[in-house]
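Residues per chain are reported as follows:
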Amino acid sequence: MIHVLLAALVPSVLGPLPGSFPRPAHEVVAVKAGTIYAVENDLVVEGGGTILIEDGRITAVGKDVEIPPGARVVDYGADAVIAPGLVAADTTFGAPRPSERTADLSVMAIEGFDPYASYVFALQEGVTCAYLPPARGRLIAGQGAVVKLAGRSDANGSGRVVSESAMIHGAVSAEARNTPGYWQPPIPATVDVGMGVEQPQLPRTLMGAIVALEELVALAQGGEDHGEYGPGVGARLRELIAAKRPWRMAADTEPEIRALLGFFGEKGLPLVIDGMGGTGSASGTALAGEIAKAGVAVIVDAPINPNAPGRDFGKDRDAAWPRFDVAAGLERAHVRFAITPANHVPASELRFAAEIASRGGLDRKAALRAITLSPAEILGVAARVGSLAPGKDADLAIFNGHPLEPGTSTLATWVDGEVAYKRSETAAVVLAVDELFLGDGDVLRPGEVLLENGRIRDVGQRVGRPAGAEIVRGRAAMPGMIDALGHLGLEGSGRVPATRFALGRIVEPGDLADKRVAKAGVTTVVLSPRGANRSGAPMTAYKPAGSNVEKMLVRDPTALRFQWTERNRLESGKSVREVLAKAAEYSKKWDEYEKKMATWTPPKEGEAGKGEEKKAGESKEGSEESKGEKKESGAEAQSEGDKKEGADEKKGEKKEKKEEGDKKKSGKKGEKEAVKTITGAWEAEIAIPPFEKVRLRLYVLEEDGKLSGSLRCSSLSDDLIQVAGERKEKKVTLSGEGTRGKASIEAEEKDGKLEGKLVQGAASVEIKLAQTSTEYEIAKRPERRKPKEEKEKKEIKGQPRAPGLDPELEPLRRAIKGEGAIVVGVDREDEILDCVEAFEGAKIKPILLGAKDAWKVADKIRGRVAGVLLSQPVVWTEPKTGAQRRNRYAEIAEAGIPIAFHSDAEEGAAELPAIAAYAVSQGMSPEAALRALTSDAAHMFAIDNRVGLIAPGLDADVALLDGSPLDLSTRVIRVWVAGEEVR
Amino acid sequence: MLVRNTRATARLLCAAVLLLLAPAVFAGGKIAIKVGRIITQAGPDILNGVIVIEDGRIKSVGPDSKAPWDVEVLDHPELVAFPGYVEAHSTRGMDRPNENIDVAPFLDVRDSIDPISFFFEDCLRSGILTVNVQQGPPAAFTGGCVIGAQGMVVKPFGLTIEQMLVKNGAGIKISAAPKAGKSRATQAQTLRKAFTDLRLYLDKLVQDKKDGKDYARREALYQGRDLEKEENKKGRAMEGSSTWKVKGLETVPRGEIDDKQEPLLRLVEGKIPAFVYCDAAASVPLALGVARENGFLAGTTLVLDGDAWKAADLIAEAGVPVVLGPNLMHVERDPVTGKEIETFVPGVFKKKNVRFALQSLNPQAQSLWYQAAVCVGYGLDRKEALDAVTRTPADILHLGDRVGSLEPGKDGNVLLLSGDPLSITTTVQYVVLDGNLVYDRSKDVRVKHLLEGVEQENAVPGGADAQAKPHDDEKAGEGEKAEKKKDAGEKKDGEKEGKKDGQAQR
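So the sequences go chain by chain: C and X.
According to numbering that gives the first Met the number 0, the stretch in the first sequence is residues 0 to 982, in order.
According to numbering that gives the first Met the number 0, the stretch in the second sequence is residues 0 to 505, in order.
The following block holds chain C by itself, in its conformation from the complex (with noise of 0.2 Å):
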């Protein structure tokens, strides 16, 4: 245990440290996205671009970019946007001191990087390279460096530094002039030589400073060392004099400026001119010509800390208040500059201080360029970075839109080649379409919609952009659609369930027909056995795609299906009428319940707050108790709650289970190799007389030799069959219990195929099981668990009884209450009539299904159905009454009836679009159709608390289109369930 623990602990998971870098020797890399700014030659590539990097290195950047064979291709998207790894010409990093003399060269600010640290917060704002300053606040505070904030490197990060002294780094302005006096005691200090007095040091004024610097300069030169800069000083400013290393002034005002213009043009020294942009600066702007032909670069201080409180700048008619405008008239005056935060901003906010000139007038190419290859030119490192082209360093920003957009955030960045920062995978997803229909006949345009933790969080013309949000942009994007009558999932099966089975247990995540489904935009199916019987047919409204069990279903049951035709007419609508009768006794019962508890206050001694808990739960449980008998069925079909736990408990379990399996298998794996593993999903065809030729599918986890899983076959059972067994070298045993009796399978692998026998009672069959997926991404579900035992209930003298919970009648219920939905099977004209009195009689407001006649009663039964599904052909051609063709579904649609399209089919309802298409091609109303598609549908099943909507705080079911939804010409291109995107 102690060692798994070692094992763990020691490759530390904190970002990329230095000397943990394995890269393959020679590898090619292809970064793909959308647009590729290369700052290099103002060159952009639109319509999708490729950069080539080698080692490394960039070799190529384009458009039409040949990628050699065996390149990693990395496709970011064509709505991604790559920009080179932005250079903060100015950070904090280090945390900077000066040292105590005025001019100390000898304070190297590479001394205080630490390559160790995590730079996450910069390099998840896309900035690669950081300049470091030795201290601020002195004269010659000391020499800056300029290194990258993550990358390969060796075991002291020397591979991280672009340049151990990139420039001289001082100051003029104010920040130079509080230097205090150089004071160093003697040691031992006696009364002979006393304690030593303080030593002066300049500056304390602009003429202060520029005669310190005159001073120095000739110290350089050779003149005379009166030892008050230290020693040593002449010496090392000559060397880097001599290497012509650029000499960086902060300076803010303009009389500083042009003192500093003075001077170093006097000298024939390079000057860099630091700061400007802040709050001293109100003539910065006029300064721009003479700094133009000094052929001085700057780099200028957005004059802003966003992520701080607001600032007082001075009521005085002349107090400096910042300007945004400098960066625009040097750009205008074609000075090189640079822009960075202000001082003590960390460099996080580098392409907010970016995007802030702008205010000022400055274009974006300007300010991305001032972020990116101007400031690797200032501090001398441009050979390297700062811009993409071949030769240069494969640091990459990839942005999900323009890097100088607001909203805009880091997909991932790359540093010599290697990813460096990623967003997180779970991170929110921003749908920013031409056209967004909401699903209720409202067209946003343009739209957006934001989708975050399996919700729509946000909906309007434009949302906001959480950081690392995936930004998807389209022409048009519409709620998934609802395939109102389905028989997904049923695999062939032809029985009709009892009315208390509970449909959700056939629902089974990770079909591959049910993600095809998903994927032509149908995301949510209302499952229905094919068929009624008397007592009502349970329906479940589920999501094919969703990734485990819990997401899948929208609430089961969902609906109660009946038939009121009968073939004998003179039956019809009997059943139907006697389930109705129960039902309204049944509901009067909970009614007066419910009634008796509202007025009932429970007695205050004692007891108090176990009433209170009563009255507050409406106390099902205690309601189950009093009916022992169908207690469980109960419980399985209402607690929805309970089971939800039970399966989240079990989701854990076998979580951790199928780590320890992984190891387990990887043990093995060192053992013996020559036996695979079966884990995964397997196929096969069979026929188990008398039923036809179905699919069987088998999903199956080996853990150490034992086998289990579930298997699907129709002709088998009506539900899945948990099976267990187990693996003997080659051979493998399974079996389980289905609803037809027990199942077993006895198979060999041969050639990656089991081949064996499937026997079920006195039928045995050959099968040929194929592998179609190696993982086992099944939920285990839920055990259908025994409710609890009830805690001694105390009956509490007076309080109302519960009348028993009766799960047959209960969706009915539900029904009256308008929770819940009742499919009738009707036909005729007068049936449908009758019916639909028998269902006012209840109060309930059925949704018709077949109603053939429906359209000629349309104006009687308006207002007291809930839905209409009109049976399939959707043009009706009625030879009785002559060659008539009409539209039903356009009918009943303009007589104010919701419609709703359903496929009557499995992996058919894919085909819900094109149906509903044609429906318009006949004369309906687009709007209506794409309503029946969506939200009359969730409406009348009563499921539009979770679905048929693009709306906040609905199931995040959207499809990407790219066109109207129902032109014809449209493809679903991309669609996500429940926030996850369907692949």
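Treat the hints with care, as some may be off.
[As the list claims (entries may be wrong)] To be clear about the criterion: a stretch of chain C counts as covered by chain X if any three or more of its residues have a C-beta under 8 Å from a C-beta of chain X, and this derived list gives those stretches:
| id | region |
| --- | --- |
| 1 | 101-111 |
| 2 | 132-145 |
[As the list claims (entries may be wrong)] Just the calculated beta-carbon pair ranges, DEER-fashion:
| id | chain 1 | residue 1 | chain 2 | residue 2 | range |
| --- | --- | --- | --- | --- | --- |
| 3 | X | Asp333 | C | Thr771 | 36 to 44 Å |
| 4 | X | Val330 | C | Gly390 | 39 to 47 Å |
| 5 | X | Leu450 | C | Val192 | 51 to 59 Å |
Hint data in this document are derived by calculation from the structure and do not stem from the laboratory.
Where is the CB? At the ideal position from N, CA and C, for every residue including glycine.
Assemble the complex: chain C is given as a structure, and chain X must be docked to it using the hints.
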């Protein structure tokens, strides 16, 4: 006021303890120790063995053979003999841990060590018999230093520095961590500058000699220094492995070199080791860089703290030993997710084959035995863990021939433990130092007070308060006194529970 009182009490108490033990000191450091088990740390354990110590040195270690007839025998078959723990680096035991001057290698901790500090008493009680006292702990506590004083190895027994002395000039303390008021860059600058200044100084000496100026010589004579002292017969030039040489230094007599510069010169010559403190991985490159540039890498030991383990690759490459900080588990948070990441530091260095010694937080709470036990708990071998508190620190202090194991010829330092050294219930029963019995737990007043409670009448330690208010006591009337007694009785009960705790904690 309170502080002074505490100190006064401490002095009193120490005197008391030492007086108590005085009769137990054997003459001539001659003793035979018979125990049930000897953990020699230099081979297999010996059951029922005898350690014979003569003239303060171990004469023999072996199975139950005959003890010489003329020595006192300490016969405890129920106990376990173990070499004393070795503390490779400690910044305690001094009256103040730091000087304010950046570069002060001319200082010596011997002027600062306080022999009656509680620290040494606690060391004895927990079996730490060799302590390298060094200046300059982390900046957070005392401001830190750049180049600190010369350290000293002592044993925790004796009333004067001379009695305690094990080794002088144990090493110069250097800090690669920024001292208060400095950044990493300015710390590095000051550190490098110290060596640049040394060169400038030596250059100037040579130049002065050439120019016939004799200021340095006169100063040396004035101070009464021996111009041609000890090592100077071989030659006056710089010696050792120094990477840089000063041309013409051989013309300058050693004694002319100023005391302020001389210790650094010795460091550069490799004559004195260096203990370089690194608070984080970021300061490791500086520490190794300076040592390498100035040629004292071979004599360098890194004293690590914080996330310095991240630079283990660099350290392994440099081949220097390390002393690990008291926190063996390094905890940091992932800046994005906020998740805690824990690292077992000795495990990292073990993997990289770096020699490491452990350091105690303080002698009571995370003492060396406890640190070693924690290491075993996290998967280190028992031998490696025990070596890290005995043999390895002894080697680091260049005392491998004197302490760290029980072998003939080594110092007669033996711990008699009540059980296995790594067991939480084990206590140090006796300590034999240089062949003298210097500690007997049954006579340890402070332990007694801890376990059995303090009797109010005698008003002793822990009793700083009792000392602080003698007047109150005098003023107190009879009735009050009676009440106090009652309190004392109650306290006893309470402390009986404390007794159990105390035992559990050792």
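- Message: For the hint 36 to 44 Å, verify it against the beta carbon of X:Asp333 and that of C:Thr771.
- Response: holds (38 Å)
- Task: Kindly confirm whether 51 to 59 Å is satisfied by the beta carbon distance between X:Leu450 and C:Val192.
- Result: holds (56 Å)
- Quick one: see if chain X covers the region 101-111 of chain C, three-plus residues with Cβ-Cβ under 8 Å. The restraint on the region 101-111 of chain C holds, since 8 of its residues have a Cβ under 8 Å from chain X and three suffice.
- Item | Outcome, coverage of the region 132-145 of chain C by chain X - at least 3 residues whose beta-carbon is closer than 8 Å to one in that chain | n = 3 at 8 Å, threshold three: holds.
- Query: Range hint 39 to 47 Å: satisfied by the CB atoms of X:Val330 and C:Gly390?
  - Reply: For X:Val330 and C:Gly390 the Cβ distance comes to about 43 Å; the hint holds.
In this structure, none of the earlier numbered hints is contradicted; all agree with it.
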